[in-house]
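First to last, the sequence lines map onto chains A and B. Residues 1 to 177 in our numbering are what the first sequence spells out, letter by letter. Residues 178 to 433 in our numbering are what the second sequence spells out, letter by letter.
Incorrect hints may have been included.
Here are the simulated lysine-lysine pairs, DSSO-like style, with alpha carbons at most 30 Å apart [claimed, not checked]:
1) A:48 to A:6
2) A:6 to B:250
3) A:48 to B:250
Keep in mind that the hints were calculated from the coordinates and are not lab data. Since the model is a prediction, treat every value here as computed from it, not as a measurement.
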Amino acid sequence: MQEQNKLASFEEAVLPHLNAAYNLARWITRNDTDADDVVQEACLRAFKFFGGFHGVDGRSWLLTIVRNTCYTWMQRNRSAQLSVSPDHEQREIESTDLNPEGLLLQKVDTLMVRRAIEELPVEFREVLVLRELEDMSYREIAGITDLPLGTVMSRLARGRKRLQLALTNQMQGEVIR
Amino acid sequence: MSCQKTQELIHGYLDGELDLVRSLEVEQHMQECEICAGNYRSQTTLRSSLKNDSLYYAAPEQLKKRIQSSLRKEARSEVAPRWSGWRWLTVGASLAFMLSIGVFVWRLMPGSIRPSRDELLARDVVSEHVRSLQMPGHLTDVLSSDQHTVKPWFDGKVDFAPPVKDFASQDFRLYGGRLGYLNNRPVAALIYQRRLHYINLFIWPAEQASSTDQVAIQRQGYNLIHWSGSGMNFWAISDLNGVELSEFAHLVQQGQ
């Protein structure tokens, strides 16, 4: 009975943030399969420790666990972190096969951005994803990454500069090609 | 505000994380400095290219279903927990607890199961008392009602000076003294008489300085009272009734 209540309140407080969990895991691991496994493991972990959750912010709480699970996962499977995801390559080829020009431009643009983010070192990538895609405040990001507020801001600044540089280089490469 | 400072704060400004004063300072600087303004514009452009839904990885439906079913399984297994890890530790702890209870109870058990030190002593006291009465002339080594005769008699026979007092006025007459052997050591035995009853009072130095209260027990029809005080152990035994023996014991204890 008690377990049923626990499950019900867990499903209510945490499960709505499954997309956020998957998004973060996918950007950190850069791999669909790893993200799947990480999110599943993180959810089970979160359920086990749900008794210790007294907050109101289920998203931050879940994302903290997801992030930690990602890092232990990558330590366990070192290769995952270093491998360039093959489906990334494949998608690019697909996009060049499609011919309608406007769509192509749009797609290449997104792919360029995606690739540029993926190539950022993970410490910049995670704060950028939380800020830009998850629309989180510095305070929330600091809570999830266990960093001081100032470090969150400086990592965002450096991450954006690197991203800008990478995109500029890619655009120039496109033009030359 | 300097350009360097503005470059630092421009991200906080962009993210709406600056307080009002700082925000105004950044805005004012950008109005005056075209480089910083340009930098800000390119940051907003970058941001708009990131505000793109296709960059967001939503959780696949299958994953959601898998997670929900594994959560149900987990919830059920928490109700009927598996026998592993912590479970075994709990079992081990309970066994250890039960064992310690067992040992504790065993130590508390009376003689029949595990005789305590006092119980063994009580048996020896009874034997000593019985033997002293069995053999004619064995009751006393020094036959005297004079405490000043009995006390010095122990000098050189035992390594301590037992307190010897006559309680004739209370009708417990000192009858004599004897050497006894109890608790693996020679002890002083004082014999008192009340009517036709003899009392053996065994005295030897205590290991602990602390006093203990009088404990009265009965063994084989004899009354025994033992206590310790003034650095000595005292065991009194007699076929005298318990009330009178207790009276005697108190006299001895007070007379020390």
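Here's how the hints hold up against the structure:
For the suggested pair residue 48 of chain A and residue 6 of chain A, the alpha carbons sit about 10 Å apart, so the restraint of at most 30 Å is met. For the hint linking residue 6 of chain A to residue 250 of chain B, the alpha-carbon distance of about 13 Å falls within 30 Å, and the restraint holds. The suggested pairing of residue 48 of chain A with residue 250 of chain B holds, with an alpha-carbon distance near 12 Å, which does not exceed 30 Å.
Of the numbered hints given earlier, the model fails none.
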